[in-house]
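Keeping their order, the protein sequence lines are chains A and B. Quick note: the first sequence uses this note's numbering, first residue 4, plus one each step. Quick note: the second sequence uses this note's numbering, first residue -19, plus one each step.
Quick caveat, the hints were computed from the structure, so don't treat them as lab data. Accuracy of the hints is not assured; some may be wrong.
Some chain A residues near chain B, calculated using beta-carbon distances under 10 Å [claimed, not checked]:
no.: 1; residue: 159
no.: 2; residue: 162
no.: 3; residue: 163
no.: 4; residue: 164
no.: 5; residue: 167
no.: 6; residue: 183
no.: 7; residue: 253
From the three backbone atoms N, C-alpha and C, an ideal C-beta is built for every residue, glycine too.
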Amino acid sequence: MDRLTVLCFAGTYGLALIAELARFWVRGAARWYTTIGLTLLAWLVQTAYLVNLGLDRHTIPVTTAFESGMVLSWMVGLIGLYLMAHSTRHTAVGLFVLPLVIGLATVAAWWAPRESDWQHWGGVTAFWGTVHGIFLMAGAVFSCIAFAAGLMYLAQSHRLKTKKPPRIGLALPSLEQSERVNRGAITLAFPLLTFGLVIGVILGVLTHRQHGGPIMVTTAPLSWTDPKVVSMIITWGVFAVLLHARFRPAMRGRSMMMLSIIAFAFLVFTWVGVTALKLPTTHNVRRVMSAPATDAESSPVPEGAVTP
Amino acid sequence: MSVSLLALGVDHRSAPASVREALAFDGDKLGAGLDALSSAFPGNEFVILSTCNRVEVYAAGPADTIPEPDSLGEFLAKFHGQPHEAIFGHLVHYLDEGVVGHLFRVSASLESLVLGEGQILGQVRDAYRMAVERGTVRQLGHALFQQAIRVGKLVREQTGMDQGKLSVASVAVDVAREVFDTFSDKTVLVIGAGKMGDLTLRHLESLNPGRILITNRNVEKAEIAAQRWGGQAVPFENLHQHLIAADLIISTTAAAEPVVSYDNFLRVQRARRNRLALILDIAIPRDFDPRIGDLDQVMLYNVDDLRAQAEQNRLQRQKGIDPALVIIEKETAACHAFLRHQQDVGAVLRQLDSQVEASRRRELDALFAARPNLSEADREAIERMSLRLQNQFLHRPRAAVRSVAADPVGGPNQPQTPSREQPQAHPLLNAVRHLFGLGDYASPQVSRKVP
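This is chain B alone, in the form it adopts within the complex:
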């Protein structure tokens, strides 16, 4: 009895946000969904991965009980109360080895909207943890998801795909971290109360700056922004004084002329006793004279500098795609071989038990038919004795077969790289099959990916 893997769902490529939202398993729905899946398709393992950009159900189980993709699609539509036709055109599914490769690419963030983003690995981990809590994963699910989390980490570590930020605001935060060590003793000054200032502050909030000053020609706007960010609105007329107090300056005004000239800032820097300063001038046209960046202890970044750095980071991440795919291909083959191997071991153990049990039962029935005068107590004693004998005879073969589970590449004499073309059973499994007449090794199906 072979075991199959199935993954079915929608992602940011296959479905618009409205469909993804409709199929999302958020809040209590996730646990309820796992329970409902286990009830609807008993004997199978399930994990649900539900994020902003994808909703996927991963299923593993014996080939004769695992749901068909259409059945699982029907379940999703029914569970979420969606019409069949609203979601079916958007569903994508993968089978067997395709499931392994897809999950590895997902956890390595190659399938993410933002290449190399770090959240997805945590989301895969959470999905697996939830399935463990609900008891909807067993041997195959454990192996598959533990490997996926490991591969996700490995790809990030080997390719550095998670390094460097891709948005202007998050690059600004990275630059701030490269200039300053601590932020609890720093003052952030925001000049202008526009959207860009808000966006940058949202990212800078994670640094927990000691004090936030917000200044704007329109005092009301400054006060609203200050309330939003727990800062202090300060008068624009005293900009010189605020610049002296600030360590990190974010400028986002819509002024047509530079707000701070070189000479002005030179005086400010003297008054600041030449402390380190980081200026993020994200206004267009620029608010700070570019020559200010030449001052020794002043780092001046304008919006183009931040964009260029984000672009370089993006290119750097793209360079990591090919090495990541090589790692994933290798790991997918190894994991699939391992899963197949686990299945073989399980199948041999089940066949061995059922065949020997059938022989024992047949012989007991023949004995009891030939000796009808045996008392009930004698029959029970003979039955117990035969069971003990069976267990004693099978103890070593069972232990040997189980030991094979830890050696997925087929024994010491087999090649160490798992073959994807012609998967072979472990020699010991073949020997057990042959000795106990369990039949030949059934070659697994070639994996399919159905778009």
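Chain A on its own, in the form it takes in the complex:
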């Protein structure tokens, strides 16, 4: 049922993408209005879905990878809608943004875990867990923007280098504009991801062992060699290099755009890839046991299991 709902707005985004792709054959204003209208409709449906999700769980929907993915696609959708509406009709922003929105929503719906240990903590831990999610999600939004701007830069740069005239109805933002958006997005993404990561590490250490009434619930200890931790550190490292590249003239242009794309790929891998590939990670794995008990006696239970 949940996936069916996601399919509703993802499908509407899909129709908007088809209308956007029709720019190669249909040049009338009606096509542009159809694209904008369908994108807006999809975004409104997605908004209603997220509001419902938040009301249902009595929290901002950023506590699980699934919710974060949905909010991420929703925010990228909003930014994309703004860019599409403010660009000329010939500028093909939607061609880059809409697949990203659809991809994020689809990946979140099908592969992202829908449970998180943060949900089961109360008080300060739950608060910081939400802050951790919000920072990472905001960082991810700007990484998506940097990724889309990078793609547009590379496409435009390739066309200019090969001296091909622009296809009718398929104008791209200028190199300078794409570069500026990319640079701005990276500058914002890095501190957000850093804060999110730091809060996550601190939470991981502090909540390693907590007691709750007769039941003791504990997260499994996060190791530095955990695939999720490793990929997140690599992602952070790539973003650090990207930020550094801002001040390294030699790395401007294509190199920076390629790095943005790599950084985005790592981010997606960290977010859902580790789980989708079933790599042995202890991030977000809950263990439930009877008290009093020791860590040695704890036994893992499947995600979403109902605690007695």
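Place chain B on chain A using the hints.
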């Protein structure tokens, strides 16, 4: 009474520039020309389209008052003080549906010297606006020109014929826009003070660059060019420094060897902190080593690249001709049917009024003849009463006929595509004609195009 359309004039195909200049309605002549046309041929509507490449008079009016092409030609010769024989061999005219099709092709820029150019649509709009201001257009002129402006936009939108520039200089401006977002913070460096540099700068002026530097081995030439373009003449010996400061470089020297080598520019680019650079090397032989174009943040276009792009744009526009003609043919048929329909509605209303008025007058005359003792006041009262009755009886038929004007395809049971072979009147108009004995529908004349 049928209404006709006529267009007569000269264009870049039919007349040399000297004839077009002689017949041009520039400045105050345009308004005076419209006034003179209205005085010379009363009861007709006129619009004058006068551009560099064409001078055309569009006329619409009842068939019995619209000027003959020869009369309109005579008027043009007389108005401009030109001998008859100097212009008559160059005049071209179109009639009825031919006028509609021609005006649509003009506004879609298919008749322009540069296919797909954007100016003509604005010029058609201005010509129409001027005629509206002078009060020389009414129902037919409004319908015809509003449709022409709409079709002009439609063709551009559907075929993309206005996309891509056709000259080397304007392609260069397009490339600059694809590289840079803003120009107010950019420095343009022109190396060489030749004609090509001038031409490119003329186009680049529209981008409002922040600073223009002009350098040349001959300092005087550089200073003259700098004065012309509001730039700054800088010494050629410091070219390296100027290259570092520049974002957009236009090179047009006549040097036999490259002015900037790969190694030199590599150093320049390092000093520029690898900022985006666009080099338009329009010199022959080339001033910049072609390998410079391989650098990451440098876009290097030589004159052949720009020419090739202009040629591709031209081919792209030519591809749009056939789809544009299909659109125009369809729109012409629809517009002509609409105009014909408007004429039918007007004719039926006029006939209806005159026939009923004649009956009323006949009956009043008979009554007053039979009752010669009626006082003047009684006669006036009876006349007013008969007029009120006539208006009350005709109110609904008139409203029904007017409502037909908004339904040009002949009612809901008629085919939606207007037939060009056998135009049919709306069933309601036929019914009104039949009920009030107004006579049969007169089939319109087949349009003619006289070269």
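Going through the hints against the structure:
{"no.": "1", "hint": "159", "in the structure": "holds (7 Å)"}
{"no.": "2", "hint": "162", "in the structure": "holds (8 Å)"}
{"no.": "3", "hint": "163", "in the structure": "holds (5 Å)"}
{"no.": "4", "hint": "164", "in the structure": "holds (7 Å)"}
{"no.": "5", "hint": "167", "in the structure": "holds (8 Å)"}
{"no.": "6", "hint": "183", "in the structure": "holds (7 Å)"}
{"no.": "7", "hint": "253", "in the structure": "holds (6 Å)"}
Consistency note: the structure conflicts with none of the earlier hints.
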